[in-house]
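The lines below spell out each chain.
2 protein chains.
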Amino acid sequence: MKTLLELTRKGKCPSVITKLARQEKIPPRTLVRLIAQGKAVIPANPRHKVKNPCVIGKNLRVKINANIGTSPEQSNIKNELKKLKVALRFGTDTVMDLSTGGDLQAIQKLILKHSTVPIGTVPIYETAICAEKKYGTFLRMTKDDILSVIEQQAKNGVDFFTIHCGITKKSMQLLERAPRKLGIVSRGGAIIAAWMKQNKSDNIFYTHFDEILKIAKRYDVTLSLGDALRPGSILDATDAPQLNELKLLGKLAQNAKRSGVQVMIEGPGHIPLNEIKRNIELEKKYCHNAPFYVLGPLVTDSALGYDHIAAAIGSAVAAAYGADFLCFVTPAEHLKLPDLEDIKLGVISSRIAAHSADLARGNNCAWKKDAMMTNARLKRDWKKQSSLSLDPEKALKERAKSLPKLKDVCTMCGRFCSIKLNEKSFKQA
Amino acid sequence: MKTLLELTRKGKCPSVITKLARQEKIPPRTLVRLIAQGKAVIPANPRHKVKNPCVIGKNLRVKINANIGTSPEQSNIKNELKKLKVALRFGTDTVMDLSTGGDLQAIQKLILKHSTVPIGTVPIYETAICAEKKYGTFLRMTKDDILSVIEQQAKNGVDFFTIHCGITKKSMQLLERAPRKLGIVSRGGAIIAAWMKQNKSDNIFYTHFDEILKIAKRYDVTLSLGDALRPGSILDATDAPQLNELKLLGKLAQNAKRSGVQVMIEGPGHIPLNEIKRNIELEKKYCHNAPFYVLGPLVTDSALGYDHIAAAIGSAVAAAYGADFLCFVTPAEHLKLPDLEDIKLGVISSRIAAHSADLARGNNCAWKKDAMMTNARLKRDWKKQSSLSLDPEKALKERAKSLPKLKDVCTMCGRFCSIKLNEKSFKQA
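These protein sequence lines are chains A and B, in that order.
Residue numbering for the first sequence is 1124 to 1552, as defined by our numbering.
Residue numbering for the second sequence is 1124 to 1552, as defined by our numbering.
Next up, chain A with everything else stripped away, as it sits in the complex (with noise of 0.2 Å):
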């Protein structure tokens, strides 16, 4: 059977196509050519069926992600369901299930079955823990072992998979030549970087690449290429190590294209304001315009507690430059694994951050809702207003929490509403 890619490829338009090409307000033949391209990717496994599939690549609608998840220390499935219900609720284009924690496949199994959009796993999170199981310790895992926990999750339906192909033995003499602030803080990196050291083997998600990509193939299912060597510390922006994996990720997305299989690439992490710009192009050109699904970015360490807000700053302004695809930070980031309060934020603030992005790469459908909301404004149209806003019920109760006397005001302003005076000296429609 032909990939999504291979059929765009010979030029056929499958039905998927056409409704997200619908959705994003494109001609379905432009959509076809940045697949065929590899400019944009549709994560959708044949064996997932979901309601609400989406297109993630240039000029389109910026997308993002929300992870979810159990933990070796807390593991309660019924809780991250509860996520995966918020996060849907809330907006979020696709959910990553990123547990550690409990019975995996279970929890995989069930969380594919409820989402209503595409879902993304690290495979090396699950083979870890099977050769915790099988060896006692994570370091003995082998090929075999992370290729058949890959054909596992393909085989369950998982959408896209990050796999950390990028470090190699190469990655480990930059790191040790001029060591980071930080090292390494991908938990994946971190597990594989801890094998290679152990074994004394490269990596062998980059040295079995083609392996991985065939069972990619056989499942259509999406790759996204790992940065386990993002920054996680301003301080270790943009370094040696963080580019040398850029530039192989680059080389890998090739390779995956050649083999009919869609490809993004996993980009950073810790990020000041003024090096974003130069790291979406760097993407763009060593990864041949490969969609650039970000993590972030943060721009600054400082933000403990408000990491989604240090989060919006970064996705907002690396999606204005063409990222095209955002993974929300909860307020937990750094501190604990998220509740349902800090899904719930943390997919609002990244929602603001797209939303901002699409109005600065000019979206039609942006500056559409945005005019809505001015003419709510314009009409002191308070529910209008809220149901236009990304949480109606909170708008709502803040407005409920603090009545004006004068109905069609606000209490910030009362009686001298900017609105209201213009209404009498302009006699506005």
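Do not rely on the hints blindly, as some may be mistaken.
Pairs involving identical chains hold if they fit within one copy or between any two copies, as the list cannot separate such chains.
[Stated by the list, open to error] Derived lysine-lysine pairs resembling DSS-like cross-links, with alpha carbons at most 30 Å apart:
1. 1201 <-> 1547
2. 1201 <-> 1380
3. 1543 <-> 1323
4. 1142 <-> 1266
5. 1528 <-> 1292
6. 1304 <-> 1547
7. 1530 <-> 1491
8. 1524 <-> 1293
9. 1520 <-> 1201
10. 1205 <-> 1528
11. 1547 <-> 1256
12. 1517 <-> 1208
13. 1543 <-> 1507
14. 1257 <-> 1407
15. 1340 <-> 1174
16. 1492 <-> 1520
17. 1547 <-> 1292
18. 1400 <-> 1162
19. 1502 <-> 1323
20. 1520 <-> 1292
21. 1172 <-> 1205
22. 1278 <-> 1232
23. 1528 <-> 1256
24. 1507 <-> 1304
Since the hints were made in silico from the structure, they are not lab data.
Being a predicted model, the structure only gives us computed values, none of them experimental.
Put chain B on the given structure of chain A with help from the hints.
Relative to chain A, chain B alone:
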């Protein structure tokens, strides 16, 4: 008596400059020059001694302002003093008392008394409210009403005034020729426009600007030239009325400087991300590098309930491009008079934006702070991380909510903590 600006022009270095230069880690002579050139201002009315004065301008740490004050709908002075306390606690550099309800003079005096930072006001508010009492309508206020309120507030010790001197007959013509989607959203601007329409007269703040300058000079009050025509919707961003006003403010700022009065310029408002750079560049050009005080900007109209996040995005970017002073925006924006929690979130979001811009601008103190946080993270020292954060109480509380079994990790990664794995793999110091 000479004003601070006049003293610096004579090469004098008053003690406040020595103190602030030490804080900014620049030579006092440099700061004297920046102020003499009008590229920086120290809003410091000699009648209002504050513990923490601040300097706002070029190459300096980005400063933030928090707005408090009663409204015609809600007027509880005790509550406003609590807001002042919260704003100070979370690190605002200045506070504006925007009260429009209750005994305005009494409120202003109490806020001045309890503030450890400079206080700003918008005198048109008190003028309009006094005129309502005196004549039954603010539409009958006179030049003398305005000047007497300004003088009284200067006597009280107000450190800086927002003066809406840039909206003129020409602005009204521009607004009528090409109506905006949301008209005038500045409260002061809307009051003045209504008065101008009613009285078929030009704006007193413009026609009598020289008399305002005389008072400002006599009491050494800094002027903040208000943007009555800031866009209140991104659909109105960077339009002719806005830019026409900005040009006029630039001219009036030159008059102020010539008169020995320190001056800064207020800016938008609602501006899409891709137009922020141009807005900053135009201000610097039209206003001869007078410090730029931006009200947000909000990068979308659609973040109702979460406007502090839309503003954090806009103000971080604005400050990275050269804005000097950020007015906070709270989650209550467009909804209600902010409560204590709103004030707190507004200040914290604005501080994150300012700090992110400081990093982008290469401010050494900001980089040192992030280096300390990175180091605490490397040591997995959550107490230290919390104490370095903007809201230590919150960070500690969130961690306490979700304590890991393994002491030196968090519940996100548990035993797969990348920093801990690195330690074993790389034997980091």
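Results for each hint:
For a Cα distance limit of 30 Å, the shortest separation of residue 1201 from residue 1547 qualifies neither inside one copy, at 55 Å, nor across copies, at 34 Å. Taking the shortest alpha-carbon separations for residue 1201 and residue 1380, neither the intra-copy value of 38 Å nor the inter-copy value of 65 Å comes in at or below 30 Å. In this assembly of identical chains, residue 1543 and residue 1323 lie within 30 Å of each other by CA distance solely across copies; the values are 20 Å between and 72 Å within a copy. With identical chains, the CA atoms of residue 1142 and residue 1266 are never at most 30 Å apart, being 39 Å at best within one copy and 63 Å at best between copies.
Proximity of residue 1528 to residue 1292 under the C-alpha cut-off of 30 Å is found in neither arrangement, the shortest distances being 69 Å within a copy and 34 Å between copies. Taking the shortest alpha-carbon separations for residue 1304 and residue 1547, only the inter-copy value of 16 Å comes in at or below 30 Å, while the best intra-copy value is 60 Å. In this assembly of identical chains, residue 1530 and residue 1491 lie within 30 Å of each other by CA distance solely inside one copy; the values are 27 Å within and 50 Å between copies. Proximity of residue 1524 to residue 1293 under the C-alpha cut-off of 30 Å is found in neither arrangement, the shortest distances being 59 Å within a copy and 41 Å between copies.
In the homo-oligomer, the alpha carbons of residue 1520 and residue 1201 lie at most 30 Å apart both inside one protomer (28 Å) and across protomers (24 Å), since each shortest distance falls under that limit. Only between protomers do residue 1205 and residue 1528 lie at most 30 Å apart by alpha-carbon distance; the minimum there is 24 Å, versus 39 Å within a single protomer. In this assembly of identical chains, residue 1547 and residue 1256 lie within 30 Å of each other by CA distance solely across copies; the values are 20 Å between and 74 Å within a copy. In the homo-oligomer, the alpha carbons of residue 1517 and residue 1208 lie at most 30 Å apart both inside one protomer (17 Å) and across protomers (26 Å), since each shortest distance falls under that limit.
Proximity of residue 1543 to residue 1507 under the C-alpha cut-off of 30 Å is restricted to the intra-copy arrangement: shortest distance 17 Å within a copy versus 50 Å between copies. Proximity of residue 1257 and residue 1407 under a CA criterion of 30 Å is satisfied in neither setting, with 41 Å inside one chain copy and 65 Å between copies. For the homomeric pair residue 1340 and residue 1174, the shortest alpha-carbon distance inside one copy (23 Å) is at most 30 Å, but the shortest distance between copies (67 Å) is not. Taking CA atoms no more than 30 Å apart as the test, residue 1492 paired with residue 1520 passes inside one copy only; the shortest distance there is 22 Å, against 38 Å between copies.
Proximity of residue 1547 to residue 1292 under the C-alpha cut-off of 30 Å is restricted to the inter-copy arrangement: shortest distance 17 Å between copies versus 72 Å within a copy. In this assembly of identical chains, residue 1400 and residue 1162 lie within 30 Å of each other by CA distance both inside one copy and across copies; the values are 19 Å within and 28 Å between. Proximity of residue 1502 to residue 1323 under the C-alpha cut-off of 30 Å is restricted to the inter-copy arrangement: shortest distance 27 Å between copies versus 68 Å within a copy. Taking the shortest alpha-carbon separations for residue 1520 and residue 1292, neither the intra-copy value of 55 Å nor the inter-copy value of 41 Å comes in at or below 30 Å.
Taking identical chains as interchangeable, the C-alpha atoms of residue 1172 and residue 1205 lie at most 30 Å apart only when both belong to the same chain, with a minimum of 21 Å there against 54 Å between chains. With identical chains, the CA atoms of residue 1278 and residue 1232 are at most 30 Å apart within one copy only, with a shortest distance of 10 Å there and 71 Å across copies. Taking the closest pair of Cα atoms, residue 1528 and residue 1256 come within 30 Å of each other only across two copies (20 Å); inside a single copy the shortest separation is 65 Å, beyond that limit. Taking CA atoms no more than 30 Å apart as the test, residue 1507 paired with residue 1304 passes between copies only; the shortest distance there is 17 Å, against 49 Å inside one copy.
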